[in-house]
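Work from the hints to combine the two standalone chains into their complex.
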Amino acid sequence: AQSVSQHNHHVILSEAASLELGCNYSYGGTVNLFWYVQYPGQHLQLLLKYFSGDPLVKGIKGFEAEFIKSKFSFNLRKPSVQWSDTAEYFCAVSTPNNNDMRFGAGTRLTVKP
Amino acid sequence: DAGITQSPRHKVTETGTPVTLRCHQTENHRYMYWYRQDPGHGLRLIHYSYGVKDTDKGEVSDGYSVSRSKTEDFLLTLESATSSQTSVYFCAISEVAGNTIYFGEGSWLTVV
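Chain order of the listed sequences is A and B. Be aware that the first sequence starts at 1, since it is given in the working numbering, and climbs by one per residue. Be aware that the second sequence starts at 1001, since it is given in the working numbering, and climbs by one per residue.
Among the hints, a few may not be true.
[Stated by the list, open to error] Footprint (simulated), chain B over chain A, 3 or more residues, beta carbon under 8 angstroms: (1) 38 to 50; (2) 100 to 110.
[What the hints assert, rightly or not] Derived, one-sided and incomplete: chain A residues facing chain B with beta-carbon distance under 7 angstroms: (3) Ser18; (4) Tyr27; (5) Thr30; (6) Asn32; (7) Thr95; (8) Pro96.
Hint data in this document are derived by calculation from the structure and do not stem from the laboratory. As the structure is a prediction and not an experimental result, all values here were calculated from the model. Note that the Cβ used here is the ideal one computed from N, Cα and C, for glycine as well.
Isolated chain B, as found in the complex (with noise of 0.2 angstroms):
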């Protein structure tokens, strides 16, 4: 298995307060992403970062925010979160650009 580390594996939080998943990694892959999954829609991409400080808008961007200080490093941000937001989060990395993505053991994340 790569080696791919989220935290905190499982939240609950209230409506309206910030959240922070964090994603580690010791593959020194130059690619990270953040997808959410939920039921009917598969994985969606939210952000992705192709290296320090460079990160660009996925598919389901709105209400959410990256920042990538170190290689190993990408956090995702939930400025305010909302009950649409409930989901299950996976970070991925990747070596090169459209090829093979791995994936951390998710984030499982609940707004009330």
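With the rest of the complex left out, here is chain A (with noise of 0.2 angstroms):
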């Protein structure tokens, strides 16, 4: 089964710094790509997802994430932060018709205002 790592367990930023997470998985065959939010004391709802396509994709609030498949990555970007930013966001990957969705330890993000 595949697997997910997320390289950083807590950042913390100050408005307007730019943002970049980090997302590896171990798969080597078609994956499908997705980054979810979870505000504090809220469900996980979906940033973006990638399936095919365009590698670079582009969610909501501002956010975007760049598939590299050679690296196995699937980073998530914010240019600048606001201090609703704040949250934990997981990176998940399934494959295609399988009903085994993996997700990352997840990433805790401070936006300082």
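The structure is reproduced here in structure tokens:
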């Protein structure tokens, strides 16, 4: 089964700083890739997803992610973070027609006003 | 937000007692899932269902059972709760296997 690694456990940034959260997966076949966000006390919500096509995908709230197949990576970026981006971010990977979506351990982002 | 309702939202129970968590969806999605969320582990799949009466085990299924008697309802049962099952449990649904999963609000379970 595939596995997912998120390199950063806790990231602290000031408002307007740029963000990049790392995500690597281990699976050699075709994958679907996701980033979910969990605001404090809430459920996970989809930020963006990649199935095929343009490896640079744009999501909600100004987030984007780039799929680099050769590096098995799907890093999340945002040019300028806001205090409201404080949340936990989860990278996830699934394979088409398979129900076993795997999640990374999550990265907690704290944005200081 | 997807129409997913979990109950109870919060529960404290004693070791050794049975516990059932309920998930109800109004989206008519075929696939339903139960995940648990623990610090440092992210979300881990417990069981999933691909249709009425059709279920399968996930990554951390020991100590849990599930049932799906109707498309809209998916029950998770802890036959004899243990402290290691203290966690936040999320129900999720999907229209297509391997595609986007939508999550419910979560059920906080504490086993004392």
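Should the hint that A:Pro96 touches chain B count as held when the rule is a Cβ pair under 7 angstroms? 5 angstroms, holds
Restraint: A:Thr30 near chain B, CB-CB cut 7 angstroms. Satisfied or not? 10 angstroms, violated
Quick one: see if chain B covers the region 38 to 50 of chain A, three-plus residues with Cβ-Cβ under 8 angstroms. holds (count 6)
Given a cut of 7 angstroms on the nearest C-beta pair, is the interface hint for A:Ser18 held or broken against chain B? Because about 24 angstroms separates A:Ser18 from the closest Cβ in chain B, which is outside the 7 angstroms limit, the hint is violated.
Please verify that hint: A:Tyr27, Cβ, nearest Cβ of chain B, below 7 angstroms or not. 12 angstroms, violated
The region 100 to 110 of chain A covered by chain B? Criterion: 3 or more residues, Cβ-Cβ distance below 8 angstroms. Held - the region 100 to 110 of chain A has 7 residues with a Cβ nearer than 8 angstroms to chain B, which meets the minimum of three.
Interface hint check: A:Asn32, Cβ to nearest Cβ on chain B, cutoff 7 angstroms. Holds or violated? 6 angstroms, holds
Restraint check, 7 angstroms cut-off on beta carbons, for A:Thr95 near chain B: A:Thr95 check passes; min Cβ-Cβ to chain B is 6 angstroms, inside 7 angstroms.
Consistency with the previously given hints fails for numbers 3, 4 and 5, ordered from lowest to highest.
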